[in-house]
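Student: Residue numbers for the sequence shown, in the working numbering: 1 to 396.
Please note: incorrect hints may appear among the correct ones.
[To be verified] Simulated restraints, written as ranges between beta carbons of each label pair:
#1 Q326 / M145: 22 to 28 Å
#2 R103 / G290: 33 to 39 Å
#3 G111 / R75: 16 to 22 Å
#4 M145 / Q336: 36 to 42 Å
#5 P8 / Q163: 14 to 20 Å
#6 G146 / A311: 52 to 58 Å
#7 R86 / R176: 30 to 36 Å
#8 R247 / V143: 53 to 59 Å
#9 T263 / E222: 14 to 20 Å
#10 V301 / Q336: 40 to 46 Å
#11 S115 / R247: 23 to 29 Å
#12 V376 / G290: 17 to 23 Å
Just so you know, these hints were derived from the structure itself, not from any lab. Using N, Cα and C, we set each Cβ at its ideal position, and we do this for glycine too.
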Amino acid sequence: MRVRLRNPDRDVEVAGPLTVADLLDHLDVLPHTVLVLHDGALVTAAHELPADAEVEIRPVISGGAEGAPRCVVCRAPAVLEERRHRAAWCTAHLEDHVHNQIRKAIDHPPGLPHSERMCSYTDRLLIAVSGGKDSLALWAALVDMGYRVDGLYVGLGIGGYSQRSQQVCERFAAERGLRLHVVDLAETYGYTTPGGASAAGRSTCGVCGLSKRYAFNRVAVEHGYDVVVTGHNLDDEAATLLGNVLRWQDTFLARQHPVLPATGANQVRKIKPLYRLSERETAAYCVVRGIDYVVEECPLVDGNTGHELKAAFDLLEHASPGLKAQFLFGFYERQQRLVDRSVEEQVEVGECTGCGMPTTGQLCAFCRQRELILAVLPLTAGATGPAAGPVPAVRR
């Protein structure tokens with residue numbers, strides 16, 4: 001049989017027939033870290049693969065189980081089993097499960113009054129999409145659930161990876177008649193993520209994160225959106241919390257929440273409706289919905305501490321299913337008692353003298369970063385307009 005392994009993308013030939021469990025054992029792949037597709041359909045560990053099978057193995061980080069499970073709702077053969085839920089779902093009920101978890105996250109955010117929701121059906125939502133499974137799964141689900149939501153893709157200038165990611169986002173939006181904003185970092189601000197990181201002497205992920213957060217908020221403000229939506233999932237948030245606890249980052253611990261309210265002018269609320277779902281669940285949702293997404297990781301991610309923490313946490317999750325959810329949800333339940341949020345609330349937020357966006361100083365962190373980068377790095381070829389000078393003041 002021909003087996004396609006992803007990230008890195010490669011093909012191997014394996015003699016069959018084999019069960020999925022035997023194939024993964026032969027390839028030395030942990031079952032709980034992957035999705036297995038036979039002829040484009042999700043299959044579980046006991047599924048028999050014929051000798052001429054076409055198989056794809058997609059990496060994810062989270063969950064999983066062995067055996068021949070049946071759907072917890074209808075008892076049909078399951079396509080996904082999650083040990084932390086002690087449940088499995090068929091194709092139709094997997095979609096219901098994902099929608100129910102998103103609905104629960106939106107309707108009952110942790111630590112907030114029972115009547116307060118992440119967003120309402122009258123809000124205009126702007127979802128940040130990367131071409132990956134989480135943001136595209138969330139966009140599709142929110143549209144199905146009746147929310148008014150447009151997309152935003154930020155081009156980071158990471159060669160073919162960025163080009164492929166933008167194409168996936170544009171095709172997703174076009175096929176569904178949805179609106180997608182595209183902001184090219186080089187064309188708009190004069191630098192790419194790799195070049196900016198080199199010039200600023202910062203990590204690539206640090207430059208990338210600050211640039212994207214700035215673009216998300218700015219586009220939302222300028223186009224009148226009420227809420228920015230991101231695809232951070234359970235694995236992301238649990239790993240971030242672990243890192244913040246290990247370093248005792250009090251300020252970050254105070255702000256770690258699936259709802260971040262606007263703290264001043266020219267700022268919109270930010271929400272994370274996927275915090276109850278694992279990467280494996282969102283990846284499976286994309287497969288059963290036929291959503292094409294970029295499987296490969298960003299080529300610049302090597303050495304990223306967050307990914308190392310996710311990998312470490314995955315080992316703990318394998319030994320104790322549900323540990324990530326217990327850790328994260330338990331923190332949210334105790335956050336007000338454990339963290340002094342008044343320190344954050346006392347910080348005075350004003351407007352950046354350069355661009356008018358929120359800041360606690362004269363210049364916002366993005367303008368300071370951009371000044372540093374452009375002092376060292378020549379403007380990216382082809383950059384014009386705003387990229388050639390100071391960041392223009394925000395327009396509403």
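Student: So, for every hint listed, does it hold in this structure?
Tutor: Evaluation of the provided hints:
1. The supplied range of 22 to 28 Å is met by Q326 and M145, whose beta-carbon atoms lie about 27 Å from each other.
2. Judged by the Cβ atoms, the range 33 to 39 Å given for R103 and G290 is violated: they are separated by roughly 22 Å.
3. Range check, G111 to R75: Cβ separation about 37 Å, and the 16 to 22 Å hint is violated.
4. As the Cβ distance of M145 to Q336 is approximately 29 Å, the hint placing it in 36 to 42 Å is violated.
5. Hint check: P8 to Q163, Cβ distance near 18 Å, so the stated range 14 to 20 Å holds.
6. At roughly 37 Å, the beta-carbon separation of G146 and A311 lies outside the given 52 to 58 Å, and the hint is violated.
7. As the Cβ distance of R86 to R176 is approximately 34 Å, the hint placing it in 30 to 36 Å holds.
8. For R247 and V143, the Cβ-Cβ distance of about 38 Å falls outside the hinted range of 53 to 59 Å, so the restraint is violated.
9. Separated by about 18 Å at the C-beta atoms, T263 and E222 satisfy the suggested range of 14 to 20 Å.
10. For V301 and Q336, the Cβ-Cβ distance of about 34 Å falls outside the hinted range of 40 to 46 Å, so the restraint is violated.
11. Between S115 and R247 the CB atoms are about 35 Å apart, so this pair departs from the stated range of 23 to 29 Å.
12. For the hinted restraint 17 to 23 Å between V376 and G290, the CB-CB distance of approximately 45 Å leaves it violated.
Hint violations for this structure: numbers 2, 3, 4, 6, 8, 10, 11, 12, all remaining hints satisfied.
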